[in-house]
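Chemist: For the protein sequence lines, the chains are A and B, in the order given. Start counting the first sequence at 1; every next residue gets the next number (the working numbering). Start counting the second sequence at 1; every next residue gets the next number (the working numbering).
Derived by calculation from the structure, the hints in this document are not laboratory data. Think of the CB as a built atom: it goes at the ideal place given N, C-alpha and C, for glycine as much as any other residue. Hints may be right or wrong, so weigh each one.
[What the hints assert, rightly or not] Here are a few chain A residues that face chain B, going by a calculated C-beta distance under 8 Å:
1. 169
2. 230
3. 342
[Said to hold, decoys possible] Calculated pairs, BS3-like style, for lysine-lysine (alpha carbon to alpha carbon, straight line, at most 27 Å):
4. A:74 / B:66
5. B:375 / A:212
6. B:66 / A:351
7. B:261 / B:66
[Stated by the list, open to error] Just so you have them, the derived chain B footprint on chain A, three or more residues with Cβ under 8 Å:
8. 94-106
9. 219-226
10. 305-313
Each chain, written out:
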Amino acid sequence: MTKSRIFWGTLAPVVAILSSLVFVYIILAIRGVNPIDMFNEMISYGFQPRNLVSELNQTIAYYMAGVAAAIGFKMLLFNIGIDGQYRMGAFFGAVVGAAVNLPPILHVTLIVITAMLAGGLWAAIAGYLKVRRGVSEVISNIMLNFIAAAIIAFLLSEDLLGVLPKGSQNLQTPQIPLSGQMPTIKAFDGEIYSFLFVAIAVGIAYWVMLNKTVFGFNLRATGLSFRAARSSGVNAPGMIFITTVLSGAIAGLVGIGTLLSDTHSYSMAFPAGYAFTGLALALLGRNHPVGIFFAAFLWSFLERTAPVLEFEGVPPEIVIVMQGTIVISIVVAYEVVARINLRQQQHAVGKVNAEASSLKESQ
Amino acid sequence: MANILEVNGVEKKYPGVIANQGVSLHVREGSIHAIIGENGAGKSTLMKILYGLVRPDAGSVKVFDKEVSLKSPQDAIALGIGMVHQHFKLADNATVLENVILGSEPSRFGFVIKFDEARRKLLEIAETYQLDIDPDESMTNLGVGERQRVEIAKVLFRGAKILILDEPTAVLVPQEVTELFTNLRELVNKGLTVLFISHKLDEVLSIADDITIMRQGTTVATRKPKETTKKELAELMVGGELPKPKAGVQNISAKSILTIKGASYSRADGREILRGVNLDLHGGEILGLAGVEGNGQSELIELIMGLMTPSAGTVEVLGLNAATTPTREIRNAGVGYIPQDRQRDGLLMSAPLWENRILGHQFSQPMAKGIWVNKGSAAEDSKRVVEEFDVRTPGVNVLASALSGGNQQKFIVGRELSGDPHLIIAAQPTRGVDVGAQAIIWEQLMKARTRGAGILLITADLEELFSLSDRIAVIYGGSIVSVLNPATTTAEDLGLAMTGAISA
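If we strip away everything but chain A, and leave its shape as in the complex, we get (with noise of 0.2 Å):
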């Protein structure tokens, strides 16, 4: 049963991929590129270390944002605010860490906690409205991003809580003092931000939490079946809020791995486009952490290897074709296994049912 169960969650995602593969393969034969040297071009350099470090740092803020969106696919949420979320954690986080001086852990620990608390509160405002005035999730949560956006551009202001550095254009929180920032792995000519492990951290917790704990059963309940889990006693309207706070909260933690050992302040260089990101993530790694990890890191991978097309005379673009192949295979693909493996077991039960009829004429 369990070497079935992972034969049947890995195959979706690679048939997808594979898929993706033979599409891209075809566009660049007709560009007239061999598709192979292509590949081996991209591979061997993704795999060059300096660019597997800087791969691995954009895969910790894709894991949150995939981990973030999978808390809400639970619940059949569609978590599009993860970029409001994040804004509003990685911002808040910045401001407080930059307000404060505490001792090292402490610091660190308190710019951790501000940043789900941010992302919390402000996918609280979505969850409310759903669950209260039953808005849909994904209309709140674009307006809210919006909304994010503009407060946090608003109060980036000279006058405010921005500053604005010597010899640059860019409106910035303070600085965070050294107490506040964590600390980078030096390895393979780079530096790994050691964020990296909060995010290994969230990823097992997440798994546990869903799998192990009767909070998680009554998450995954109601998002199967919210009326199922309302006659089974479970809260289910306060469950779907729960679920968006929570969701919200890992979101807020999306920039903070940059934050503390990168930047160590908020600008409007921090990237947008983590939302959809997140869900396609979600979506490719079946809200598995481990799924999540590894889809989170051939996102970046391709995204980092994207130039090598272009010494070719490809466009980069070539990769979010690639991208979104994956993606509209993986939904098909998905459900393609979820019916030959409901009628396998169909098929097994008939055989039991069979078996139990010529039982019972036997005696």
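Fit chain B to the given chain A structure using the hints.
Modeler: For chain B alone, coordinates are given in the frame of chain A:
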């Protein structure tokens, strides 16, 4: 009368499973022919073959004395075979007429629908077969019985001469069943032929001209209702003696475990669903709640389970005020709940059985250990339920959705009876399950009663109501109109009370 439909030696095998083998069926023109059998006896496969959804591996199908090969439902329809599905396939936001013509619209140049002609034809059908339908009524306003009539009209509109009805009474209340049977009689009087699939013996005996019994994928016998008995049919179906529910020792305790006083409930739109309900249930007693569906039963259950709060009156469950106690605490106090819609309220369809065993018991030992879910004991106890309740499954890691409806129900009943609850709310506990499973469920409910549990039995099945209940309360229009003694009450008395003809 000639045979309009003849099936000889039909066989259909799936890898490892024989769905149909040596199936023979001879249907006389202008008759109602019933096919009965347990869940999984092969009725559905046979019907799918007749409707062109499945192609047989061997054997022949003759329609009007001509051998045919049905490759699709279109072929079946062209031959005059129509199917009325158990689960209606109707568009809610359209009118009756639009639903009837959907897919076979009479049209001009292939795109302008000739509504007048369609309406004329539909009214003609309605008149000929005395089907009470209004072409311009919106589907949303129709009840289950009316929807079924629309489905029948839809099939007749396509020129069907042979109608296959797949468990048509499963979704109907007794009054609607009577109406349906009148309609079916009218259809055969006008020369049509009806194939009627069921597992309810009473119904089959009262409506059919011929009865074919299926067991383990094959047809075992054909009987005429006058020449057979319910007992014989049941034995042919299960291939042996039926287990009978044992009466058990009556052991009614003095302590009331469910006390409802003057409970009322109004919906948000102001409609009063329950008016001053008074009920009282003791340990060791089965209180049957009879009534036509939609008279407040669902709301009453939700009040008891603490899922809704009454607008007036009190509901006391095992000493707890249900209005202010969360559902989880009501369950923890020892309440088992078999919901009437098992797939929506009782199961996580895409979760494995062992997780479904936890559902409703996740707040207490042994399914939970502190904040942790106890997978070991859940899996172990699932196996016990599977064994004790004869749930047909290869294991407890199988998804609930892979099981047939009857087996899902057995699993739910087994789950809700575990941990020896003091109070059991059993809503339609045997709806849609075969006689074998029904016997198991009845026996287990009786066992719980003997043990001292109180059971509120909400059921539309009169046989179940009479054979299990110690008292029968009748609900009508949101009130309890009478409380009857099943030993001295006739079905007619009950029918009168259920339709509001007599009141308390």
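Chemist: Within the stretch 94-106 of chain A, is the number of residues with a Cβ closer than 8 Å to a Cβ of chain B three or more?
Modeler: violated (count 0)
Chemist: Would you check the hint for residue 375 (chain B) and residue 212 (chain A), treating anything up to 27 Å between C-alpha atoms as holding?
Modeler: Distance ~8 Å between residue 375 (chain B) and residue 212 (chain A) Cα, so the pair holds.
Chemist: Tell me if the interface restraint on residue 169 (chain A) is satisfied: Cβ within less than 8 Å of some Cβ in chain B.
Modeler: violated (51 Å)
Chemist: Count the residues of the stretch 305-313 of chain A whose Cβ falls closer than 8 Å to any Cβ of chain B, and tell me whether that reaches three.
Modeler: Our answer is that it is violated, as 0 residues pass the Cβ test (under 8 Å) against chain B, missing three.
Chemist: Is the interface hint for residue 230 (chain A) satisfied, with its Cβ closer than 8 Å to some Cβ of chain B?
Modeler: holds (6 Å)
Chemist: For the pair supplied as a hint, residue 74 (chain A) and residue 66 (chain B), confirm whether the alpha-carbon distance does not exceed 27 Å.
Modeler: violated (55 Å)
Chemist: Measure nothing beyond the straight line between the CA atoms of residue 66 (chain B) and residue 351 (chain A); if it is 27 Å or shorter, mark the hint as holding.
Modeler: violated (35 Å)
Chemist: How about the stretch 219-226 of chain A: do at least three of its residues have a C-beta closer than 8 Å to a C-beta of chain B?
Modeler: holds (count 4)
Chemist: Assess, step by step, whether the Cα of residue 261 (chain B) is no farther than 27 Å from the Cα of residue 66 (chain B), and give holds or violated.
Modeler: violated (66 Å)
Chemist: If you take the shortest Cβ to Cβ gap from residue 342 (chain A) to chain B, is it below 8 Å?
Modeler: holds (6 Å)
Of the numbered hints stated above, those contradicted by the structure are hints 1, 4, 6, 7, 8, 10, listed in ascending order.
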